[in-house]
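K.L.:
Throw the hints in and build the complete structure from the sequences for me.
Okay, here's what each chain looks like letter by letter:
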Amino acid sequence: MSEYVKYDCSDITDDQTLIEALQQMGWNTSQIEVHQNPVTLYGYHNDARPEKANIVIRRQNVGSSSNDIGFLKLDDGTYQPIVSEYDTSTSGPRQRSGHFVTDVKSKYARITGEKCVAQITNMTIPRMQQQGIAGTPRNAKVSTVRVGNQVQIKLTY
Amino acid sequence: MAEIVWTVDLDTGKAELTINGIPGKACELIHGAFSADMAKLGVRETSVTATADKAKPSKYTAVNTATARR
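Just so you know, the sequences run in chain order S and B.
Mind the numbering: the first sequence is residues 66 to 222 in our numbering, read in order.
Mind the numbering: the second sequence is residues 440 to 509 in our numbering, read in order.
Incorrect hints may appear among the rest.
Said to hold, decoys possible - These stretches of chain B come out as covered by chain S in the derived footprint (C-beta under 8 Å, 3 or more residues):
| # | region |
| --- | --- |
| 1 | 447-456 |
| 2 | 468-477 |
Unchecked claim - Looking from chain S toward chain B, a few residues come up when the C-beta cut is under 8 Å (computed):
| # | residue |
| --- | --- |
| 3 | V182 |
| 4 | I185 |
| 5 | T189 |
| 6 | P191 |
As the list claims (entries may be wrong) - Here are the computed lysine-lysine pairs in the BS3-like style, where the Cα-Cα straight-line distance is at most 27 Å:
| # | chain 1 | residue 1 | chain 2 | residue 2 |
| --- | --- | --- | --- | --- |
| 7 | S | K219 | B | K479 |
| 8 | B | K464 | S | K206 |
| 9 | S | K138 | B | K464 |
| 10 | B | K464 | S | K117 |
| 11 | S | K172 | B | K464 |
| 12 | S | K219 | B | K464 |
Note that these hints are calculated values from the structure, not bench results.
The beta carbon of each residue, even a glycine, is placed where N, CA and C say it ideally should be.
P.N.:
If you want it as structure tokens, here you go:
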């Protein structure tokens, strides 16, 4: 029986972005359970485990010898990954050995970053200009430059 | 010239706001607008740095991050 390991991922806070990250890793929406109240995770032998989670990928969708993978929503609003030692150390079609949590965090960060860029460009800047606190569309210049994995949005007026 | 720069690191999800040449009070409004929009995405603020008093043009930096404890 594999032990579950809980990770400190204090900055995974948005359930929709987390689901998008899991989808990018290869799971489809029908394989990702979302529960308002945490539900029981099951192990390889179909044994109910004491761990519970709000977002769950059942073991049959992880690997032939896998356990359920879960993300528990904590009181502070962050999601804590709950992954068995087996699934952490085993590579599969959707996870690299030892990298599951790192990969989730990396994809979550990238999706969040792209959402930040869109939010700043499409929401923050126009609203600030409407409020008269950052120039106007007529006298301000907005430029967006991507260099490697960095995006710089510059507003000058 | 007033300059507002947002830098987003797609590797870490970290978004940084730097304001130059804008009086401090306006910086606070811009910072507030930025932080409110980041909060909608579940992105938390980790630090704020202001380097001038409220009446003068200032350099003002706020950092929001999705992965503060990496």
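K.L.:
Now, for every hint given, state plainly whether the structure supports it.
P.N.:
Okay, the hints, checked on the actual structure:
1. 447-456: Since 8 is at least three, the answer is holds.
2. 468-477: With 6 residues closer than 8 Å to chain S, the region 468-477 of chain B meets the three-residue bar; holds.
3. V182: 5 Å, holds
4. I185: Constraint on I185/S satisfied, holds at 5 Å.
5. T189: 5 Å, holds
6. P191: Check failed: Cβ of P191/S comes no nearer than 11 Å to chain B, outside 8 Å.
7. K219/S / K479/B: With a Cα-Cα distance of about 21 Å, the restraint between K219/S and K479/B holds, given a limit of 27 Å.
8. K464/B / K206/S: 22 Å, holds
9. K138/S / K464/B: Since the Cα atoms of K138/S and K464/B sit roughly 37 Å apart, the hinted pair is violated (cutoff 27 Å).
10. K464/B / K117/S: Distance of about 47 Å is beyond 27 Å: violated.
11. K172/S / K464/B: 36 Å, violated
12. K219/S / K464/B: The given pair, whose Cα atoms are some 20 Å apart, holds under the 27 Å limit.
In this structure, the earlier hints numbered 6, 9, 10 and 11 are contradicted, and the remaining ones agree with it.
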